[in-house]
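Chains A and B, in that order, are what the protein sequence lines are. For the first sequence, my numbering gives the first residue as 1, with consecutive numbering after it. For the second sequence, my numbering gives the first residue as 1001, with consecutive numbering after it.
The hints are simulated quantities; they were obtained by calculation from the structure and are not laboratory data. For each residue, glycine too, the CB sits at the ideal point set by N, CA and C. Honestly, I wouldn't trust all of these hints.
Said to hold, decoys possible - Only some residues are given here: those of chain B computed to face chain A with a beta carbon under 8 Å:
1) Leu1086
2) Asn1088
3) Gln1101
4) Leu1205
5) Arg1208
6) Arg1239
Stated by the list, open to error - Derived contacts from chain A toward chain B, CB cut-off under 7 Å, selection only:
7) His77
8) Gly162
9) Gly166
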Amino acid sequence: MREALALSLRVTAVALVLVVATGLPVALFLARTRFPGKSALETFMLLPLVLPPSVVGFYLLVLLGRDGPLARWGGLHVLFTWPAAALASAVVAFPLMVQASRAAIAQVDPALERAARMLGSGELEVFRRVTLPLARRGILAGVVLAAARAFGEFGATLMVAGNIPGRTQTLPLAIYDAVQTNDVVAANVMVLLMTAISFGSLWAVRHFESVAARGPRTGGTPIEHAAAAKG
Amino acid sequence: MRFTSEGSMAGGHTPPDGGCARAPARAHARAGVVLLPVLASMLVGGCQSAPAHPPAEITVSAAADLMEALPELAATFERETGVRVLVNFGSSGQLAQQIAQGAPVDVFMSADIHYMEDLGSAGLLLRGTRAIYGTGRLVVWTPPDAPALTSLEELASPSIRKVAIANPKLAPYGHAAEEALRMAGLWNAVKGKAIYGENVRQALLYARNGSADAALVANAQVAGKPGHIFVVPEELYPRLYGTLGVVRDTRNEPAARTFAAFVTGAEGSAILARHGFGPAPDMS
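Based on the sequences and whatever the hints tell you, model everything.
Written out as structure tokens, the structure is:
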């Protein structure tokens, strides 16, 4: 059980790095641009939210399999290893990160970004010093939601990482195993643990969102004061 | 190491050892520039904080009929050699599929010979490591508080409402169960009340928790345990020769070979026999 928990934490951490590294630029792009076909692209990126885990798992099997593109051209053999679990978790968590941070970034007044640009800031600096601080509550909510989703991933993980104790058996898979083997005590402990973690995550998200709704607190950067005065 | 040497994908940003520990600080300092290489190294290198001399361990993918015998085999082997045995139970078909896709497994213990032959002809096993470790017996198990079955025909009676069987497509015992019922002319009467487990372990659980009134499982799962056992006549189904082999991509070939020899040797055979496996056929 301790092994499963440690593995779950590792899988979640790697998935989260992947999700933030890809989701944040995508969220910024979606919040700040308009182009034909944007709606279709957004819909496509939300797909993992509603697709059955077996469908996500199937796509990943095709992608990661021995004859798949990643193995053939990337030399990456990850199927039935823990990185495959991290990838599966990242895919299902990605839309949550994008959704939450895109909404938060869209709330930031583009005029503030323009002002920073006129004052000579580069794009990266504008993002880091203006957009990110103003949108941080929403982005944080996205990160926590994505982490919780990644931590609880089951279906796609079972398909691409197997359920190998000590190697790819994450906490949700260990619960499945405990139920299959009628290990009631272990199942109870792990189920309670998962429930507590999920509750804590959702509670944190609601907290971030309520603070975000109330607007930035005083004591922030000058640009935050400007934003507060404007709003 | 499972893939390539640790840190080799990081493009020289991280030293081969300890790179993982320092990676977060660097990623923070240089924002996204090093984030992706570091991530790649974590994904590819595994980034396990391995001690200097990790205890040797092997992963054994085992057919679910070994659920009772294998823990004892593993514990004995561990005591004698110091090699830790991680066990991955499943249906033989599912486990073979995982190995064919490159699962990091050292030894495969199948419930029958066919999946092993498939892997062997695909070149996925170490040459000359295939061996039969025992003969499986198909039984009907009913719970202790239910009347004992005295014939296969009783499965067709109305008092048996659900019969648990392992998935015949992936589990040799499931396939054998279907064959036996067909041979006995009972398949049409029983198939409507069959419920399918992913493997024999789940099929047994269905009967143990009352979801099914009887289960067609392996003798080695239930021998010496509470409940009633009716041994299905062996002429009704193809022989279930439990077969093992060392996987070609094993990362611990010496330990894997030693384990295979241990299981088929005198000590392993005795443990398997005690759990209800029949002897391996004399091939000499």
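Taking the hints in turn, this is what the structure says about them:
no.	hint	in the structure
1	Leu1086	holds, 4 Å
2	Asn1088	holds, 4 Å
3	Gln1101	holds, 5 Å
4	Leu1205	holds, 6 Å
5	Arg1208	holds, 7 Å
6	Arg1239	violated, 27 Å
7	His77	holds, 5 Å
8	Gly162	holds, 5 Å
9	Gly166	holds, 4 Å
Checked against the numbered hints given earlier, the structure breaks only hint 6 and satisfies all the rest.
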